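Q: Here's the letter readout for the chains.
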Amino acid sequence: MAKLNINIGNLEFKNPVMTASGTFGYGVEFADFIDLNRLGGFIVKGTTLHHREGNPYPRMAEVPMGMLNAVGLQNKGIDYFIDNIYPQLKGYDSNVIINVSGSTIEDYVATAEKCNELDKIPAIELNISCPNVKEGGMAFGTSCQSAEAVVSAVRKAYNKTLIVKLSPNVSDIASIAKAAEFAGADSVSLINTLLGMAVNAETQKPLLSTITGGMSGAAVKPIALRMVWQVYNAVKIPIVGLGGIMNATDAIEFLLCGATAVQLGTANFIDPQITVKVVDGINEYLDRHGYKDVNEIIGALKINN
Amino acid sequence: MKKTILNLRVVSKEYPGSNYVLLKLTTIDDSPLPIMQPGQFAELKVENSPNTFLRRPISINFVDLEKNQVWFLIQMIGDGTRKLGDLIEGDLLNVILPLGNKFTTDLKPGSKVLLVGGGVGTAPMLYLGAVLKQNSINVSFLLGARDKEALLQLDIFAKYGDLYTTTEDGSHGEKGYVVDHSILNKEEFDFIYTCGPKPMMMAISKYADQKNIECEVSLENKMACGFGVCLCCVENTKEGHKCVCSEGPVFNLKKLLWQN
Ligand SMILES: Cc1cc2nc3c(=O)[nH]c(=O)nc-3n(C[C@H](O)[C@H](O)[C@H](O)COP(=O)(O)OP(=O)(O)OC[C@H]3O[C@@H](n4cnc5c(N)ncnc54)[C@H](O)[C@@H]3O)c2cc1C
Ligand SMILES: Cc1cc2nc3c(=O)[nH]c(=O)nc-3n(C[C@H](O)[C@H](O)[C@H](O)COP(=O)(O)O)c2cc1C
Ligand code: FES
Chain A
1 MAKLNINIGN
11 LEFKNPVMTA
21 SGTFGYGVEF
31 ADFIDLNRLG
41 GFIVKGTTLH
51 HREGNPYPRM
61 AEVPMGMLNA
71 VGLQNKGIDY
81 FIDNIYPQLK
91 GYDSNVIINV
101 SGSTIEDYVA
111 TAEKCNELDK
121 IPAIELNISC
131 PNVKEGGMAF
141 GTSCQSAEAV
151 VSAVRKAYNK
161 TLIVKLSPNV
171 SDIASIAKAA
181 EFAGADSVSL
191 INTLLGMAVN
201 AETQKPLLST
211 ITGGMSGAAV
221 KPIALRMVWQ
231 VYNAVKIPIV
241 GLGGIMNATD
251 AIEFLLCGAT
261 AVQLGTANFI
271 DPQITVKVVD
281 GINEYLDRHG
291 YKDVNEIIGA
301 LKINN
Chain B
1001 MKKTILNLRV
1011 VSKEYPGSNY
1021 VLLKLTTIDD
1031 SPLPIMQPGQ
1041 FAELKVENSP
1051 NTFLRRPISI
1061 NFVDLEKNQV
1071 WFLIQMIGDG
1081 TRKLGDLIEG
1091 DLLNVILPLG
1101 NKFTTDLKPG
1111 SKVLLVGGGV
1121 GTAPMLYLGA
1131 VLKQNSINVS
1141 FLLGARDKEA
1151 LLQLDIFAKY
1161 GDLYTTTEDG
1171 SHGEKGYVVD
1181 HSILNKEEFD
1191 FIYTCGPKPM
1201 MMAISKYADQ
1211 KNIECEVSLE
1221 NKMACGFGVC
1231 LCCVENTKEG
1241 HKCVCSEGPV
1251 FNLKKLLWQN
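Residue numbers (this note's numbering), protein chains in the order written: chain A, 1 to 305; chain B, 1001 to 1260.
Quick caveat, the hints were computed from the structure, so don't treat them as lab data.
Since this is a predicted model, take the numbers as computed values, not measurements.
Among these hints, one or two may not hold up.
Said to hold, decoys possible - Pairs of lysine to aspartate or glutamate, EDC-like flavour, derived with a Cα cap of 16 Å:
| id | chain 1 | residue 1 | chain 2 | residue 2 |
| --- | --- | --- | --- | --- |
| 1 | B | K1045 | A | D271 |
| 2 | A | K156 | A | E106 |
| 3 | A | K160 | A | D186 |
| 4 | B | K1002 | A | D35 |
| 5 | B | K1211 | B | E1239 |
| 6 | B | K1133 | B | D1106 |
| 7 | A | K120 | A | E62 |
| 8 | B | K1222 | A | E62 |
| 9 | B | K1045 | A | E62 |
| 10 | B | K1002 | A | E29 |
| 11 | B | K1133 | B | E1239 |
| 12 | A | K76 | B | E1239 |
| 13 | B | K1112 | B | D1064 |
| 14 | B | K1255 | B | E1214 |
| 15 | A | K90 | A | E117 |
| 16 | B | K1002 | A | D186 |
| 17 | A | K156 | A | D107 |
| 18 | B | K1242 | A | E53 |
| 19 | B | K1238 | A | E53 |
Claimed, not checked - Beta-carbon label-pair distances, calculated as ranges:
| id | chain 1 | residue 1 | chain 2 | residue 2 | range |
| --- | --- | --- | --- | --- | --- |
| 20 | A | A153 | B | N1051 | 40 to 48 Å |
| 21 | B | N1135 | A | E106 | 52 to 60 Å |
| 22 | A | H50 | B | K1255 | 45 to 53 Å |
| 23 | A | G91 | B | K1112 | 42 to 50 Å |
| 24 | B | E1188 | A | Q273 | 44 to 52 Å |
| 25 | A | K292 | B | E1239 | 26 to 34 Å |
| 26 | A | T212 | B | G1078 | 18 to 26 Å |
| 27 | B | G1170 | A | D32 | 55 to 63 Å |
| 28 | B | M1076 | A | I303 | 43 to 51 Å |
| 29 | A | H50 | B | N1236 | 16 to 24 Å |
| 30 | B | N1236 | A | L301 | 41 to 49 Å |
Yeah, the Cβ is synthetic: ideal placement off N, Cα and C, and Gly gets one too.
Pulled out of the complex, with its shape left as it was, chain A reads as follows:
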């Protein structure tokens, strides 16, 4: 049994496996399937200052080895979370992280301030990369200036661990990561979904109400790995890698490319027990290769031979 603990900023995780926002509900929905205490952390669904109804149906289209979604941050707002969900999550022995989304810098800051007051929430993940909302969302994550502006503003309002979630829908993700690091992020997570589209040739209509949507699942892994590797070579802060991880081997590939931790998203829909299987699989890999500590394989990709 190798040591699986990792650190992001000052925050310790019992293992590098977390869940991706929007794919794990509030976590409690998985209590029938897994022991949530076995997760390094779980990131609850995208939360905004005010209630959001999200986009109209249809919101989902399956594509080869993946899916598109156009949920559009449906959630009941941070106050509802604090009053109704937070009490249910307080007792878990895992890092519960809120994915904070917004349309304006003021919204992000106001939501982050409220999160700062929650004792049992040790970190937030700032979502500056949602492709499914009209204003804000991804717009903040697609230029260095706006990324820096929103991260700096939230950094002032939030004094616990701040993870910034990056959009892959940019020409140079490393420069956005550097802007987030410069603005005070403790970590960056990547990738959010890739902007995509699906069409029904027979009806000649788009399959999503929003026409375009965010792609996730196995098919996006090569792009996500490439981006993690590029960001790893550009920043010093730890990276949380995600995008298309379906099993422990996929997760290990992200660690080798420089991710300190990983998140599982769409894979939870197909196997709701996948997270704990990945924890076990990483452990088995480390034992089999004679490693004593998971940190030994982070960024250990061999490129010169």
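Dock chain B with the ligands against chain A, hints included.
A: Structure of chain B with the ligands alone, referenced to chain A:
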């Protein structure tokens, strides 16, 4: 109701219609199946189908408590359902169940109810009819399909209530759509349940609404997870977006925003 992930074994496979399979499954260790209610569904894992990334939602067609079997009636319309149709006796199928809410079954004994199903939407109506009959409720089934080959499981339906049918080509029962069946003008019902193509359910809902009859509809919105975490399957209701997989699939007509 606790949701479980389990491997079930195919005990038998039947072909009730040209493009349909009926799979009867049981547990691999003879442990009792989880308790399932009419209206609930399962998410089936499709193996070896490169174009099938997600699980497939399929209704509980019937639960045979004596034999410890659950039945799935599957219409083969795409790669995923065709792969499910390739399963043979002895094969294992990974399922998550039971999912979703359920139809109302605790009506006053002696109530008169109509269960309307179209196409593969007849699937959940069988188990519903069986449970209602057990609760001493007077069940009538009104089932519609394109032609008589597509009217499925009629023998078994007949065990649990009066059976009325329509076909578009007139090859079985009355010619036309279910909503045109003469039974709707002849009899009075206390409660209507419906599942099938949306235009059919809308027409039946309109009838129920006009006659002021309680009506529950079962929706089949596209799903990614099936257990309430992705928010992909929402139906817009009078109370906002509701997840069909976890807050449905059964909705009281009064909650929906359908144009009546
Ligand atoms: C709660 C629920 C219960 C269901 N119960 C049953 C059942 O008991 N028996 C059964 O045969 N089917 C049932 N279905 C429908 C079944 O899930 C789909 O037919 C199946 O997912 C299609 O998979 P596929 O890979 O074969 O086809 P795909 O290749 O995915 O699709 C083939 C075609 O069917 C359409 N389609 C797929 N899913 C749906 C959907 N949910 N609604 C409308 N159109 C769709 C696609 O747009 C496409 O045109 C149910 C669906 C839901 C949501
Ligand atoms: C249905 C759905 C909803 C999502 N909602 C959010 C969200 O609210 N906030 C966010 O930062 N990312 C959201 N995501 C993106 C995921 O967290 C993740 O970045 C992406 O799906 C890639 O990982 P995967 O391939 O493992 O799913 C969502 C993804 C899906 C599929
Ligand atoms: S299908 Fe995921 S919430 Fe309903």
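Q: Now tell me, hint by hint, if it's right for this structure.
A: Verification of the hints:
1. Distance check on the hinted pair: K1045(B) and D271(A) sit about 9 Å apart at the alpha-carbon level, within 16 Å; holds.
2. Restraint check for K156(A) and E106(A): the C-alpha separation of about 12 Å stays at or below 16 Å, so the hint holds.
3. Of the pairs offered as hints, the one joining K160(A) and D186(A) holds, with about 9 Å between alpha carbons and a cut-off of 16 Å not exceeded.
4. Restraint check for K1002(B) and D35(A): satisfied, since their Cα atoms lie roughly 14 Å apart, inside the 16 Å limit.
5. Pair hint K1211(B) plus E1239(B) does not hold up; C-alpha atoms about 24 Å apart against a cutoff of 16 Å.
6. Among the hinted pairs, K1133(B) with D1106(B) is consistent with the structure: their alpha-carbon atoms are about 11 Å apart, no more than 16 Å.
7. Taking the CA atoms of K120(A) and E62(A), the gap is about 36 Å. The hint is violated against a cut of 16 Å.
8. At most 16 Å may separate the alpha-carbon atoms for a hinted pair to count; K1222(B) and E62(A) meet this at roughly 10 Å.
9. Among the hinted pairs, K1045(B) with E62(A) is consistent with the structure: their alpha-carbon atoms are about 15 Å apart, no more than 16 Å.
10. Between the alpha carbons of K1002(B) and E29(A) the distance comes to roughly 10 Å, so the proposed pair stays at or under 16 Å and holds.
11. Of the pairs offered as hints, the one joining K1133(B) and E1239(B) is violated, with about 32 Å between alpha carbons and a cut-off of 16 Å exceeded.
12. Pair hint K76(A) plus E1239(B) holds up; C-alpha atoms about 13 Å apart against a cutoff of 16 Å.
13. At most 16 Å may separate the alpha-carbon atoms for a hinted pair to count; K1112(B) and D1064(B) exceed this at roughly 24 Å.
14. This hinted pair checks out: K1255(B) and E1214(B) have alpha carbons roughly 11 Å apart, not beyond 16 Å.
15. Straight-line distance between C-alpha atoms of K90(A) and E117(A) comes to about 13 Å, which keeps the hinted pair within the 16 Å bound.
16. The straight-line distance between the Cα atoms of K1002(B) and D186(A) is roughly 38 Å, outside the 16 Å bound, and the hint therefore fails.
17. For the proposed pair K156(A) and D107(A), the alpha carbon gap of about 14 Å is at most 16 Å, so the pair holds.
18. Under the criterion of a C-alpha separation no larger than 16 Å, the hint pairing K1242(B) with E53(A) is consistent with the structure, at around 10 Å.
19. Restraint check for K1238(B) and E53(A): the C-alpha separation of about 12 Å stays at or below 16 Å, so the hint holds.
20. Separated by about 45 Å at the C-beta atoms, A153(A) and N1051(B) satisfy the suggested range of 40 to 48 Å.
21. Taking the beta carbon of each, N1135(B) and E106(A) are about 56 Å apart, inside 52 to 60 Å as hinted.
22. At roughly 24 Å, the beta carbons of H50(A) and K1255(B) sit outside the given window of 45 to 53 Å.
23. One distance hint, 42 to 50 Å for the beta-carbon pair G91(A) and K1112(B), holds here, with the actual separation near 49 Å.
24. Between E1188(B) and Q273(A) the beta carbon distance is about 50 Å. The supplied range of 44 to 52 Å therefore holds.
25. The beta-carbon spacing between K292(A) and E1239(B), approximately 54 Å, falls outside the hinted interval of 26 to 34 Å.
26. Remark: the range hint 18 to 26 Å for T212(A) to G1078(B) is upheld by a beta-carbon distance near 23 Å.
27. Between G1170(B) and D32(A), the C-beta spacing of about 48 Å breaks the proposed range 55 to 63 Å.
28. M1076(B) and I303(A) have their C-beta atoms about 48 Å apart, which keeps the hinted 43 to 51 Å range intact.
29. One distance hint, 16 to 24 Å for the beta-carbon pair H50(A) and N1236(B), holds here, with the actual separation near 19 Å.
30. Here the CB-CB span from N1236(B) to L301(A) is close to 47 Å, well matched to the stated 41 to 49 Å.
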